[in-house]
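**Q** These are the residues of each chain, in order.
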Amino acid sequence: MLNAKMARDSYSKSGSSRSSGRSSSSSGRSSSGGSSSRSSAHSSTRKAGVFRPSVSPTANFSRKPTEFSSKKRRDNPNFKKNEEGKYEFNPPKVKENGITFGSQKEFVPRGKSTRFNVEHNLSGDNPRNFKQTDAPKGGSSYSRNSSAPRSSPSYNSSNESSPRGEYSRNEYRGESRGFSNRNSFSNTGGSHSGFRSSTARSDTRSGEHRRDGERRDSDRRDSFRSTLKSNEGTSVRSDATRSQIRNGFRSEGSFSQRNEGRFEPRTQSDLRNSRDVPLDAPRNSYGGIKAREVSKQAFKQDSIRQDSIKSDSFKQDAPAKQQRDDFVSRDVSPRSHIQSSSPSTYSRDTQSAQNYPANISPTRLQGVFNFRRDFCTKALVPGSIYGERIYDGYRIWDPKRSKLGAGIAKGISQIGIKPGSVVLYLGCSTGTTVSHVSDIIGESGKVYGLDVAPRVMRDFLLSMAPRSNVFPIMADAAHPQDYAHLVEEVDVIFMDIAQRDQVSIFLKNCHAFLKPGGFGLLSLKSRSVDISKSPKQIFMETRAALEEDMVIVDYKELNPFEIDHALFVCKKK
Amino acid sequence: MKVAITVNSKEHYFADGRKVDTAPSQIDVALGSTSVTAASRDVLLQPSEVHAIVTQITQNTPKDVYYAAVSSQIRSSVTWDTLVMQATKSIDEADVSINLLSKRLREWFEWHNPEFSRSFSSHEEFAIAVIAGVYPQTTMGADVSEADLSAIFALATQVGSLSTYKDQTREYIDKILRVHAPNFTEVAGSAVGAKLLTSAGSFRRLAMLPASTIQLLGAEKALFRHLKTGSKSPKYGLIYQHNFVQRSRKKGTTARSLANILTVCIRKDYFTQNPILETQFVEGLLTKLR
Chain E
1 MLNAKMARDS
11 YSKSGSSRSS
21 GRSSSSSGRS
31 SSGGSSSRSS
41 AHSSTRKAGV
51 FRPSVSPTAN
61 FSRKPTEFSS
71 KKRRDNPNFK
81 KNEEGKYEFN
91 PPKVKENGIT
101 FGSQKEFVPR
111 GKSTRFNVEH
121 NLSGDNPRNF
131 KQTDAPKGGS
141 SYSRNSSAPR
151 SSPSYNSSNE
161 SSPRGEYSRN
171 EYRGESRGFS
181 NRNSFSNTGG
191 SHSGFRSSTA
201 RSDTRSGEHR
211 RDGERRDSDR
221 RDSFRSTLKS
231 NEGTSVRSDA
241 TRSQIRNGFR
251 SEGSFSQRNE
261 GRFEPRTQSD
271 LRNSRDVPLD
281 APRNSYGGIK
291 AREVSKQAFK
301 QDSIRQDSIK
311 SDSFKQDAPA
321 KQQRDDFVSR
331 DVSPRSHIQS
341 SSPSTYSRDT
351 QSAQNYPANI
361 SPTRLQGVFN
371 FRRDFCTKAL
381 VPGSIYGERI
391 YDGYRIWDPK
401 RSKLGAGIAK
411 GISQIGIKPG
421 SVVLYLGCST
431 GTTVSHVSDI
441 IGESGKVYGL
451 DVAPRVMRDF
461 LLSMAPRSNV
471 FPIMADAAHP
481 QDYAHLVEEV
491 DVIFMDIAQR
501 DQVSIFLKNC
511 HAFLKPGGFG
521 LLSLKSRSVD
531 ISKSPKQIFM
541 ETRAALEEDM
551 VIVDYKELNP
561 FEIDHALFVC
571 KKK
Chain F
1 MKVAITVNSK
11 EHYFADGRKV
21 DTAPSQIDVA
31 LGSTSVTAAS
41 RDVLLQPSEV
51 HAIVTQITQN
61 TPKDVYYAAV
71 SSQIRSSVTW
81 DTLVMQATKS
91 IDEADVSINL
101 LSKRLREWFE
111 WHNPEFSRSF
121 SSHEEFAIAV
131 IAGVYPQTTM
141 GADVSEADLS
151 AIFALATQVG
161 SLSTYKDQTR
171 EYIDKILRVH
181 APNFTEVAGS
191 AVGAKLLTSA
201 GSFRRLAMLP
211 ASTIQLLGAE
221 KALFRHLKTG
231 SKSPKYGLIY
241 QHNFVQRSRK
251 KGTTARSLAN
261 ILTVCIRKDY
271 FTQNPILETQ
281 FVEGLLTKLR
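Protein chains in written order, with this note's numbering: chain E, 1 to 573; chain F, 1 to 290.
Everything labelled a hint here was simulated from the structure, so no lab data went into it.
It cannot be assumed that every hint is accurate.
[Stated by the list, open to error] Below 27 Å or equal to it, Euclidean Cα-Cα: the simulated DSS-like pairs (lysine-lysine) are: (1) F/K89 with F/K175; (2) F/K235 with F/K89; (3) F/K63 with F/K89; (4) E/K573 with E/K515; (5) F/K175 with F/K268; (6) F/K221 with F/K235; (7) E/K400 with E/K515; (8) E/K525 with F/K232; (9) E/K525 with F/K63; (10) F/K268 with F/K89; (11) E/K533 with E/K508; (12) E/K525 with E/K573; (13) F/K288 with F/K250; (14) F/K63 with E/K508; (15) E/K533 with F/K228; (16) F/K166 with F/K89; (17) E/K573 with E/K508; (18) F/K166 with F/K103; (19) F/K288 with E/K400; (20) F/K232 with E/K400; (21) E/K515 with F/K63; (22) F/K221 with F/K175; (23) E/K378 with F/K63; (24) E/K400 with E/K378; (25) F/K232 with E/K533; (26) E/K533 with F/K235; (27) E/K508 with E/K525; (28) F/K251 with F/K235; (29) F/K250 with F/K221; (30) E/K533 with F/K221; (31) F/K235 with F/K250; (32) F/K251 with F/K232; (33) F/K221 with E/K525; (34) F/K221 with F/K251.
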């Protein structure tokens, strides 16, 4: 009897947030554990497993389900009582940095609130608000921070320790720190938050000295993500928090570098996400700002600065950057991995810019061009290799057929391949991607295309024969000693072989052939490594394995072009 | 094509300058017309010097040498099993084509003589009977002209010749398999044997496979679904088509034992210089199964 009641009760209680994973699981627990104590069972029927002993459990059992709907509205800060005594949808206005959020068009999760930036009615009969004012002072990072004055956002690293208006429900209770962290770490399987939080953990493990404020901030971020994951996020978020959420939930991390708190957007994806790109800018078919527009901006900046990229004009983007540098290895200088920083290179590109055919414009990646919505390379030899379209001597690069092309379409910051490069391409197959690499490096470069399968080498030989910079090798990439006499020291190694021990083969080759400071590009197929593990987990493990010998510069997942693939861009130490 | 660089009798380096454990006794870097040979037992080369030699060779090597080397590698990679696998695949595709063309043939011919078409269940027999042209003329079908009939016969001839081609290719596969893998073919039969070979990818690979993998060759989809989602594991793959498994009541057990026997046989064939059929040996393996 009691059991059934509890089940019904939990069902109707969780009705407002039935989509939330934690809420539903906790209600399952409460209904199954019939003989467990009433208070614990009841507490799990309340808000998502959070223990709230202050409310009498018996009161809820006596309630009829019809009362809950009005209770929901009363609980909800987005609803306010009007003159007739009815609750109307009227979300609170929030002011942050002069930008007003919380208009009626804004999507606001129901029943959620933040303490810092929500100026809603604290009086009245809202028990949640009552609890907030009762929050314990001291003992949690939240409380310590809450005593600090709300500062206007500044874009140096000291901002890390200042409150950003984020608020974790778990944290604000005294006992919850450990719980929230544990929760986020245990959710590594397939969840974004797990992936990121483990990242933060490995940062700590690597012995990097971080200030206490940063550490706290990182932990807080983790718990914040775990909170978000369970759909218990805050109702209205500040600007910084918004970008944090966005970045925290991005399926791929973008690696940016930190230099005394100054951040420079240098990738296309950075520029696409940056706020100084107008919202009505033309979008390409992949949802980003049209790369051509981006490249125009980029080249404008480059021509102004010539020798080095300064971050001043991009300062507005800094808060978003700050959240994103979990992945950054900080022991490289911020400019060291940018290719071709010499003024001559830039000026050459900018001078020849007006000579391009219509619809063709350069991208930030040397040798790669925009053509309408697509990318292309200037054909070294006339003619189509794999059935691709050709426009005015430029071959369109199909991201669905080339993993490097997919990486570029996803906005990878750099590929290391530029005119004159010597490239070792492991797993060249029939030469779809190699043909574009051959286009990029031009006559002065070299690409060693290696594959073990005779069938694909047959096609490779025939299609690459007219290209003077392609050198085929038929050998197993797992045994570099077999072809060591055929390959010189190279600038770039690209690997696209679907093997279980792909990463170790990659490292072996990088060790053997890659020059110090050279780029290693690894296209990883997680399903080949282990089909039973989640791709996220494999990417995480790969990252850890790569970082022993390499510095990871960028990382992109290749969906929707390739499922469960990721492209790692590394630099040899 | 292989190269190993020996610095002295104890220290060996690869081209990249790394030490290796085993290597022959001299520097022998040969690539097409360019070659450097230096007996260097007593000369100590620094890793950078080794690298310099290789870099010099590779940079001076014309592209054609790489192409020639890979061409010869491709040429030498073609073995009997490569060709047998192509033949096996062509039989499968001929089956598909015969089915497709026969359905059209029946559809076409049945306007002329539906009763005759319905009296054959096998497509191929029907096509051959049409070519023979002996069929009862009492029919509900329409009279058609000679020109129309000859067009129908042309299609029937194609189906018939495809059928003949299939038989010939089966014989060819059987002949080749019995030369290179007599014991394996004796147990598996040429049809299942050729399919297993095709699924494994090469004779060498098939010989290296464990019995459990041979049992599940051809059931990859079910296997990976099992590994991924924890659904039921497959009990047999292509081996299911074998007569023993077909007749058995305990198909899973039979498939497992048969895979064990096949593994023994294929290894015997692969690692023997000139394999011959050893009937006693095969029968000894098969007694338990029978």
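**Q** Each hint needs a verdict: does it hold in this structure or not?
**A** Results for each hint:
Simply put, F/K89 and F/K175 have alpha-carbon atoms about 17 Å apart, close enough for the 27 Å limit, and the pair holds. Using a Cα cut-off of 27 Å, the hinted pair F/K235 and F/K89 holds, with the two alpha carbons roughly 24 Å apart. Between F/K63 and F/K89 the alpha-carbon distance is near 36 Å, which puts this suggested pair outside the 27 Å criterion. A distance of roughly 9 Å separates the Cα atoms of E/K573 and E/K515; the hinted pair therefore holds under the 27 Å criterion.
Taking the CA atoms of F/K175 and F/K268, the gap is about 18 Å. The hint holds against a cut of 27 Å. Restraint check: the Cα-Cα separation between F/K221 and F/K235 comes to about 12 Å, which is no more than 27 Å; the hinted pair holds. Straight-line distance between C-alpha atoms of E/K400 and E/K515 comes to about 30 Å, which puts the hinted pair past the 27 Å bound. Note on E/K525 and F/K232: the hinted pairing holds, with a Cα-Cα distance of about 26 Å set against a maximum of 27 Å.
Taking the CA atoms of E/K525 and F/K63, the gap is about 32 Å. The hint is violated against a cut of 27 Å. Restraint check for F/K268 and F/K89: satisfied, since their Cα atoms lie roughly 26 Å apart, inside the 27 Å limit. Distance restraint check for E/K533 and E/K508: the Cα-Cα separation of roughly 24 Å lies within the 27 Å cut-off, and the hinted pair is therefore satisfied. As the CA atoms of E/K525 and E/K573 are separated by approximately 24 Å, the hinted pair is consistent with the 27 Å bound.
Distance check on the hinted pair: F/K288 and F/K250 sit about 14 Å apart at the alpha-carbon level, within 27 Å; holds. For the given pair, F/K63 sits about 26 Å from E/K508 by alpha-carbon distance, which is consistent with the 27 Å threshold. Using a Cα cut-off of 27 Å, the hinted pair E/K533 and F/K228 holds, with the two alpha carbons roughly 8 Å apart. Taking the CA atoms of F/K166 and F/K89, the gap is near 11 Å; set against the 27 Å cutoff, the hint holds.
Restraint check for E/K573 and E/K508: satisfied, since their Cα atoms lie roughly 14 Å apart, inside the 27 Å limit. For the hint pairing F/K166 with F/K103, the CA-to-CA distance comes to about 18 Å; that is within 27 Å, so the pair holds. Using a Cα cut-off of 27 Å, the hinted pair F/K288 and E/K400 is violated, with the two alpha carbons roughly 53 Å apart. Pair hint F/K232 plus E/K400 does not hold up; C-alpha atoms about 34 Å apart against a cutoff of 27 Å.
Distance check on the hinted pair: E/K515 and F/K63 sit about 22 Å apart at the alpha-carbon level, within 27 Å; holds. In summary, the hint linking F/K221 to F/K175 is not supported, as the alpha carbons are separated by about 31 Å, beyond the 27 Å threshold. Distance hint between E/K378 and F/K63 is fulfilled; the C-alpha atoms sit about 22 Å from each other, no more than 27 Å. For the hint linking E/K400 to E/K378, the alpha-carbon distance of about 19 Å falls within 27 Å, and the restraint holds.
Distance check on the hinted pair: F/K232 and E/K533 sit about 19 Å apart at the alpha-carbon level, within 27 Å; holds. For the suggested pair E/K533 and F/K235, the alpha carbons sit about 24 Å apart, so the restraint of at most 27 Å is met. Distance hint between E/K508 and E/K525 is fulfilled; the C-alpha atoms sit about 18 Å from each other, no more than 27 Å. For the suggested pair F/K251 and F/K235, the alpha carbons sit about 8 Å apart, so the restraint of at most 27 Å is met.
A threshold of 27 Å between alpha carbons decides the hint, and for F/K250 with F/K221 the separation of about 22 Å falls inside it, so the pair holds. A threshold of 27 Å between alpha carbons decides the hint, and for E/K533 with F/K221 the separation of about 17 Å falls inside it, so the pair holds. Distance check on the hinted pair: F/K235 and F/K250 sit about 11 Å apart at the alpha-carbon level, within 27 Å; holds. A distance of roughly 15 Å separates the Cα atoms of F/K251 and F/K232; the hinted pair therefore holds under the 27 Å criterion.
A distance of roughly 18 Å separates the Cα atoms of F/K221 and E/K525; the hinted pair therefore holds under the 27 Å criterion. Of the supplied pair hints, the one linking F/K221 and F/K251 holds, its CA atoms being roughly 19 Å apart against a limit of 27 Å.
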